[in-house]
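Peer 1: The chain contents come next:
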Amino acid sequence: MNLDFSPTDLAFRDEVRSFIAEAYPADVRAKQESGADLTKEDYLAWHKILGAKGWSAPSWPVEFGGTGWTPVQKFIFAEELAFAGTVPILPFGMNMVAPVIQAFGTEEQKARHLPPILKGDVWWCQGYSEPGAGSDLASLTTRAVRDGDHYIVNGQKTWTTMAQFADWGFFLVRTDPAAKKQEGISFLLIDMKTPGVTVRPIITLDGAHEVNEVWLEDVRVPVENRVYEENKGWTCAKFLLAHERSGIAGVARSKRGLEKLRAVAANETEHGRPLMQDPYFARKMAELEIELLALEYTELRGLAREGEGKGPGPETSLLKIKGTEIQQRATELAMEAAGPYAAPHLLGADEPGDNALAIGPHHARGVADTYFNVRKTSIYGGSNEIQRNIIAKMVLGL
Amino acid sequence: MDFNFSDEQRMLRDSLSSLLADQYSFDARKAALASPEGWRPEIWRSLAQDLGVLGAALPEELGGMGGGPVDNLVVMEELGKALVVEPYLETVVMAAGLLKRIDSPLAAEAVGKIIAGELIAALAWGEPTSRYDASDVSTKAVKTAQGWTLNGRKAVVTAGPLAHQFIVTARTSGDQRDEAGISLFLVDKDAPGVVTRDYVTVDGRQASEIGLDGVTLDADALLGAEGEALPLVERVLDEARAALCAEAVGVMGQLVAQTLDYTRQRKQFGRPIAEFQVLQHRMVDMFVQHEQAISMTYMATLKLDLPAPERAKAVSAAKAFVGKALRFVGQNAVQTHGGIGLTTELALSHYFKRATMIETELGSVDYHLSRYQALAA
Numbered sequence: 009m010n011l012d013f014s015p016t017d018l019a020f021r022d023e024v025r026s027f028i029a030e031a032y033p034a035d036v037r038a039k040q041e042s043g044a045d046l047t048k049e050d051y052l053a054w055h056k057i058l059g060a061k062g063w064s065a066p067s068w069p070v071e072f073g074g075t076g077w078t079p080v081q082k083f084i085f086a087e088e089l090a091f092a093g094t095v096p097i098l099p100f101g102m103n104m105v106a107p108v109i110q111a112f113g114t115e116e117q118k119a120r121h122l123p124p125i126l127k128g129d130v131w132w133c134q135g136y137s138e139p140g141a142g143s144d145l146a147s148l149t150t151r152a153v154r155d156g157d158h159y160i161v162n163g164q165k166t167w168t169t170m171a172q173f174a175d176w177g178f179f180l181v182r183t184d185p186a187a188k189k190q191e192g193i194s195f196l197l198i199d200m201k202t203p204g205v206t207v208r209p210i211i212t213l214d215g216a217h218e219v220n221e222v223w224l225e226d227v228r229v230p231v232e233n234r235v236y237e238e239n240k241g242w243t244c245a246k247f248l249l250a251h252e253r254s255g256i257a258g259v260a261r262s263k264r265g266l267e268k269l270r271a272v273a274a275n276e277t278e279h280g281r282p283l284m285q286d287p288y289f290a291r292k293m294a295e296l297e298i299e300l301l302a303l304e305y306t307e308l309r310g311l312a313r314e315g316e317g318k319g320p321g322p323e324t325s326l327l328k329i330k331g332t333e334i335q336q337r338a339t340e341l342a343m344e345a346a347g348p349y350a351a352p353h354l355l356g357a358d359e360p361g362d363n364a365l366a367i368g369p370h371h372a373r374g375v376a377d378t379y380f381n382v383r384k385t386s387i388y389g390g391s392n393e394i395q396r397n398i399i400a401k402m403v404l405g406l
Numbered sequence: 061m062d063f064n065f066s067d068e069q070r071m072l073r074d075s076l077s078s079l080l081a082d083q084y085s086f087d088a089r090k091a092a093l094a095s096p097e098g099w100r101p102e103i104w105r106s107l108a109q110d111l112g113v114l115g116a117a118l119p120e121e122l123g124g125m126g127g128g129p130v131d132n133l134v135v136m137e138e139l140g141k142a143l144v145v146e147p148y149l150e151t152v153v154m155a156a157g158l159l160k161r162i163d164s165p166l167a168a169e170a171v172g173k174i175i176a177g178e179l180i181a182a183l184a185w186g187e188p189t190s191r192y193d194a195s196d197v198s199t200k201a202v203k204t205a206q207g208w209t210l211n212g213r214k215a216v217v218t219a220g221p222l223a224h225q226f227i228v229t230a231r232t233s234g235d236q237r238d239e240a241g242i243s244l245f246l247v248d249k250d251a252p253g254v255v256t257r258d259y260v261t262v263d264g265r266q267a268s269e270i271g272l273d274g275v276t277l278d279a280d281a282l283l284g285a286e287g288e289a290l291p292l293v294e295r296v297l298d299e300a301r302a303a304l305c306a307e308a309v310g311v312m313g314q315l316v317a318q319t320l321d322y323t324r325q326r327k328q329f330g331r332p333i334a335e336f337q338v339l340q341h342r343m344v345d346m347f348v349q350h351e352q353a354i355s356m357t358y359m360a361t362l363k364l365d366l367p368a369p370e371r372a373k374a375v376s377a378a379k380a381f382v383g384k385a386l387r388f389v390g391q392n393a394v395q396t397h398g399g400i401g402l403t404t405e406l407a408l409s410h411y412f413k414r415a416t417m418i419e420t421e422l423g424s425v426d427y428h429l430s431r432y433q434a435l436a437a
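As you go down the protein sequences, you meet chains Z and U in turn. For the first sequence, position 92 (counting from the first letter as 1) is numbered 100 according to my numbering, and the numbering increases by one without interruption. For the second sequence, position 156 (counting from the first letter as 1) is numbered 216 according to my numbering, and the numbering increases by one without interruption.
So here's chain Z without its partners, still in its complex pose (with noise of 0.2 Å):
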């Protein structure tokens, strides 16, 4: 047992260091940090980047343009693009549909999704809850029926998230109503400009719109477009959950997240005193801090296992409970420190130039909708009770 990184992992991560550095886009980094609201470009340029590097899909096999890193190196980059704040490649094509396709898509999905998906030229989302089917995901109602090389897709699908620039959706539809719930359903990839597919918006409690409902209304998907076999759907689905679940835990970020958190309760004052030197909030930031060590160690500890050829298993579950707590917690926290500055609610970035009166601390920025907005991770990806069925029967046995 040890815990030092290999001359060949420190090399590595001075590369991947100065190639952030030196790549990563100006312009989106300047609206990161006026608080500015990002565009689909804006997500996509450093994916791009990454993709013309050979880097944008560590988690993928070699095959499919995985960078065949070792786990260490894996935490390594994950670490140093957490502490340069970069945009994070969003998950729902490279995490989640792809793994699906990779494993059970046919030769002709592969070749025509899996290269877009790589380089960020296509935005992918996820239709899978319905207003009646949130963790009794099975229960969904979206009805695809056959008519010759088609399916007709007829349904409602909720809380799909960035769909207002989505290209492509992956969708669980119901192709067997007779048949047990599980039994019944079948996986599509569906392309968003298909006629009858409309996407409205959901403004969440924070302002933003991040999440919509999709109407699906006689969609017709070619059969084509099916991945896995007929009412096999819910198989792609539990893989994906899995897949999804892993790098949840959000360690680095979180990382960075406390350390700038501290440096802020360093500088505000309260009592005449850094707010740092308060017993009270000192101790919150102190367990805090510990509870992300504890899981930053037991993930280290997964990867260990992974790198002896073991998949991520349903401990993985554990990951995304911690992880999502730290995370909501570290909002609580920031908004505790932004004191009354944690009120003015402000969407976008004051003009360069504005002789305005500033508003706050340039930390105090937008905490309390980022604490509203946070409140989602223990509910999206199996809400964290789902995640604790999902310990208490694949490793409790119970």
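Hints were generated in silico from the structure; no laboratory data involved. Hints may be right or wrong, so weigh each one.
Within a straight-line C-alpha distance of at most 20 Å, the following computed DMTMM-like cross-link-like pairs (lysine to aspartate or glutamate) qualify [as the list claims (entries may be wrong)]:
#1 Lys401(Z) with Asp62(U)
#2 Lys384(U) with Glu278(Z)
#3 Lys82(Z) with Glu335(U)
Taking beta-carbon pairs under 7 Å as the criterion, some of the chain Z residues facing chain U (in silico) [as the list claims (entries may be wrong)]:
#4 Arg281
#5 Leu283
#6 Tyr305
#7 Thr306
C-beta: ideal position from N, C-alpha, C; glycine also.
On the provided structure of chain Z, position chain U as indicated by the hints.
Peer 2: Showing chain U alone in chain Z's frame:
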């Protein structure tokens, strides 16, 4: 980066675990605690002579097998699983851990005897008012023509009643809470002026209050440099804290496993209570605490050889985390069992008591949170 145990460490674990499975049943332990000795010297001899466990983590040049903190982790986790009361932590991790770093024939000889199972020693660092602060020392050592004279009081010295020798912290200069001016002395228990009052602890162990009333020592009883002992004591205490975390992992693993077993057997409302979601989620949370306690124990153990501030920060983070985990797992194990969890006939209640004592041993959650915070600032 590597989280695997070596082949030697795996063998150490296997041989210790089978010895304990064979000879350290819950009933045998209970009988030993009720006996006049209150512990099992024959087990101690087996650990030393049959398995060589006592030397596993000690240097080869002193007669050990050259292992280190990870070997202590392996041993302590197994001792925790079997709720062993014999003084590995006190004698091997603490006393020998300290003596092995002292360059003197007396110290080297003592380590050799500890490895052979012939000497039990205990580190007497605490005092009635020091709580968890090793720099809070009022016991005084005064230099004399032949050596030293000690006067003072030492508190809650675990394994004290079993020990032949004490390693005592005493002040050779400075004020009560000064970091400088603390020295270490090797004191025979039967030296004139050493008064002990022995007692059992709530988790079935033994401890002593020690009075030092004009104890005269030869010059070579001073271990290491005069007045400079605190950094070494802190280091050894951190090693002992990491070892306690490993013991806690063993104890918590049993609490979780026994709770899972019990809920599968216990039926209420016509079905095993393991089927109730409210209990399933609680047991998942217990499992998660245990898993993360393992992670923190590895983390702290692997950072024991870093420079003092980093080492102390890592160890305090782990001990604070593990302390909270112990309370959560222990209380919920009892609650999930119901009334039977409160009875002395069930092993569970004994694990709960040990868990509760480890929670504050060598520093409470609050103590370690504030130590961590001071180092993180």
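Peer 1: None of the hints should be skipped; say for each whether it holds.
Peer 2: Hint check results:
no. : hint                     : in the structure
1   : Lys401(Z) with Asp62(U)  : 30 Å, violated
2   : Lys384(U) with Glu278(Z) : 29 Å, violated
3   : Lys82(Z) with Glu335(U)  : 39 Å, violated
4   : Arg281                   : 12 Å, violated
5   : Leu283                   : 12 Å, violated
6   : Tyr305                   : 4 Å, holds
7   : Thr306                   : 4 Å, holds
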